[in-house]
Amino acid sequence: MTVGSFIIKNALRNKRRATLSVLSVAVSLFLLVTLLVALRELTLPPEDAGAALRVVVRNRVSLANPLPARQRPIIEKIPGVEAVSPFTWFGGNFKNEESMTFAQFAMDPKLLRTLFGEAKMPEKQYEDFLKDQRSAIIGKLSADKYKLKVGDKISLTSTIYPATLEFRIAGIYSGTIDDRNLLFHHKYFDEATGDLGQVGTWWVKVRSAEDMPRVITAINAAFANSSSEVRAETERAFQLSFISMLGNIKLLVGSISTVVVFTLILVTASTMSMAIRERFRELAVLKALGFRRRELFAFILAESFGLALLGALIGVGGAYALYTYGNISHMTGGIFITFEVTPKIIGFATLVAASLGIVASIAPSISVARTSVVDGLKTLD
Amino acid sequence: MLSQVMVEANIVTIRKLSKVYQQGDINVTALNQISLDIRAGEFLTLMGPSGSGKSTLLHIIAGIDRPTGGECHVQGVDVTRLNESELADWRNQNVGFVFQTFNLIPVLTAYENVELPLLLTRLNRQQRRHQVNTALELVGLGDRSHHLPRQLSGGQEQRVAIARALVTSPSLVVADEPTGNLDSQSAHDVLGILQTLSQTADKTVIMVTHDPKAAAFGSRTIHLEKGELTN
Ligand SMILES: Nc1ncnc2c1ncn2[C@@H]1O[C@H](COP(=O)(O)OP(=O)(O)O)[C@@H](O)[C@H]1O
Ligand SMILES: [Mg+2]
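So the protein lines, in turn, are chains A and B.
Residue numbers for the first sequence follow the working numbering, so the first one is 22 and each next one is one higher.
Residue numbers for the second sequence follow the working numbering, so the first one is 0 and each next one is one higher.
FYI, nobody ran anything at the bench for these hints, they're computed from the structure.
Please note that a few of the clues may not be correct.
[Stated by the list, open to error] Here are a few chain A residues that sit away from chain B, every Cβ distance over 12 Å (derived from the structure):
{"hint": "1", "residue": "F27"}
{"hint": "2", "residue": "T284"}
{"hint": "3", "residue": "Y344"}
[Said to hold, decoys possible] What follows is a list of derived Cβ distance ranges for each label pair:
{"hint": "4", "chain 1": "B", "residue 1": "Q74", "chain 2": "A", "residue 2": "R391", "range": "29 to 37 Å"}
{"hint": "5", "chain 1": "A", "residue 1": "I286", "chain 2": "B", "residue 2": "S170", "range": "42 to 50 Å"}
{"hint": "6", "chain 1": "A", "residue 1": "A319", "chain 2": "B", "residue 2": "R128", "range": "18 to 26 Å"}
{"hint": "7", "chain 1": "A", "residue 1": "T400", "chain 2": "B", "residue 2": "E85", "range": "23 to 31 Å"}
[Stated by the list, open to error] Chain A regions said to be covered by chain B (calculated; three or more residues, Cβ under 8 Å):
{"hint": "8", "region": "301–309"}
{"hint": "9", "region": "385–398"}
Think of the CB as a built atom: it goes at the ideal place given N, C-alpha and C, for glycine as much as any other residue.
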């Protein structure tokens, strides 16, 4: 027998309790990792290759207010601007599905390659899209989810405009951070809505990164004191502001995580205290045999630490395996495209487990230290 | 010179030893100025009514309790002056414990229970195995080394406990009512072993007992009453 095998035998003496405490740590850490990853994914701005050179222009009042189409030539003339495309959210329902399906945007198809160079699709499909004003292209994720092929016809009823549009799928693209959206001709949108002369937002391609700040300032200035003042910002900033519109998710997830960790500490600490209390007499016997306090502390710490880390291995490892090798888009019904368990999150969860092991061993260690051999021997089994 | 020899021959020398518990305003005197010498190789039995201070005396001699006054020298060391950690080492090397309720670790086999105190020594695995097997054979349980405590009878459990007490080769073995939970046959076996230890293995054995028949196995009996010796 070694000290190590003695500790293991002690930890496993009540197999059901050991299993339950390992599982409670595992489940809680699984939950914690899931929350942290979800939080990170939700607040992660898109890092598309092209995003660094894109500026989004929206109505200064709110995203729901449209912009006049006549702004386009003015923006186009600003030095450093390479291309400007309208980008209007159609808000269509697909097949009467109530839940979130995919977003549809009306835009200028000619500028697709310039603005969204990362969206890859066969040239033939793109040409077909350009030619047919009633066609649309759709991201591969949505195409796969709804089993759509090139040539299929789909119909979308807007929840914003009194319009139902018929589309023929001309192409399927992939390679963007989120291959879900449906893109179609803004002209088709204008016709169907009675030529309102309005767009949702402008998406601007800037020539170089150095031009970005100047272009943003120039766009904002161009419409200052007009009837439609705008807010121009980088795509990253735009996405972030969009997320803050989702509500205070960060705070919510943060509070839930804190509660999870706190509950976990209480559960583990009380389990550990119980496990040690049951063995008070034995610990007194060990003291009589010559084991010192610090050796008993080490036993308790090792046991508590071991159980917590085993739980972490199962919980964090399980989360990692599930989210890395599982199909997250499928599991979440398309809400999450990526669900990356980063080394930082793994590190944090493991750190939580390690601290848990230490914290849980404090109370039992103190009571063992306080109890003399004689008093310990008097405790009943 | 003569007194020096006397001291050398005494393994335990106790002078004016007292233990007073304070419970609020009331003082409970467990031991009242006791003086006692125990010679090396003696099998001393301690008798007396319940609450007379027998366990307290035994615990102080064995270094798991501290007196409130007086001196207690064991092999020339004043155990009352050792600090916690020195005392732990001292117990490991010099004292073997046998308890009324055996106090084996339930998840460890007989072998592992006996090996436990050796984990604190520098002995390697092979040396430990030799010591453990020797101790188990001495108590007649060489063939039970892989049994768990619950697979043993009470008498066998107590013999394992004696093996655990002997495995570090201490010069002093203390036993607090070791036969209190045993049937008469098992008690007889256990007492026989303790007697052999003092007679042939040169151990000093101090045993607390209620039972005059058990005390008869010892070489000397002292009586305690209300914390005082009455011989
Ligand atoms: N922790 C304690 N607090 C107060 N009194 C105690 C304590 N432990 C023992 N005593 C008292 O000390 C006396 C001697 O106890 P003990 O040595 O256990 O007696 P014995 O072993 O002879 O039955 C008893 O009166 C007992 O009540
Ligand atoms: Mg007693």
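We went through each hint and held it up to the structure:
1. For F27(A), the non-interface assignment is contradicted: its Cβ lies about 7 Å from the closest Cβ of chain B, within the 12 Å cut-off.
2. Here T284(A) stays apart from chain B, with its beta-carbon at least about 30 Å from theirs, past the 12 Å limit.
3. Residue placement check: Y344(A) keeps its beta carbon more than 12 Å from all beta carbons of chain B (closest about 38 Å).
4. At about 30 Å, the CB distance of Q74(B) to R391(A) agrees with the hint of 29 to 37 Å.
5. Taking 42 to 50 Å as the suggested C-beta distance range, the pair I286(A) and S170(B) conforms, at roughly 48 Å.
6. For A319(A) and R128(B), the hinted distance range of 18 to 26 Å is satisfied, since their beta carbons lie about 24 Å from each other.
7. Separated by about 25 Å at the C-beta atoms, T400(A) and E85(B) satisfy the suggested range of 23 to 31 Å.
8. Counting residues of the region 301–309 of chain A whose CB falls under 8 Å from any CB of chain B gives 6; the rule of at least 3 is met.
9. As drawn, the region 385–398 of chain A meets chain B at 4 residues by the rule of a beta-carbon pair under 8 Å; at three or more, the given contact holds.
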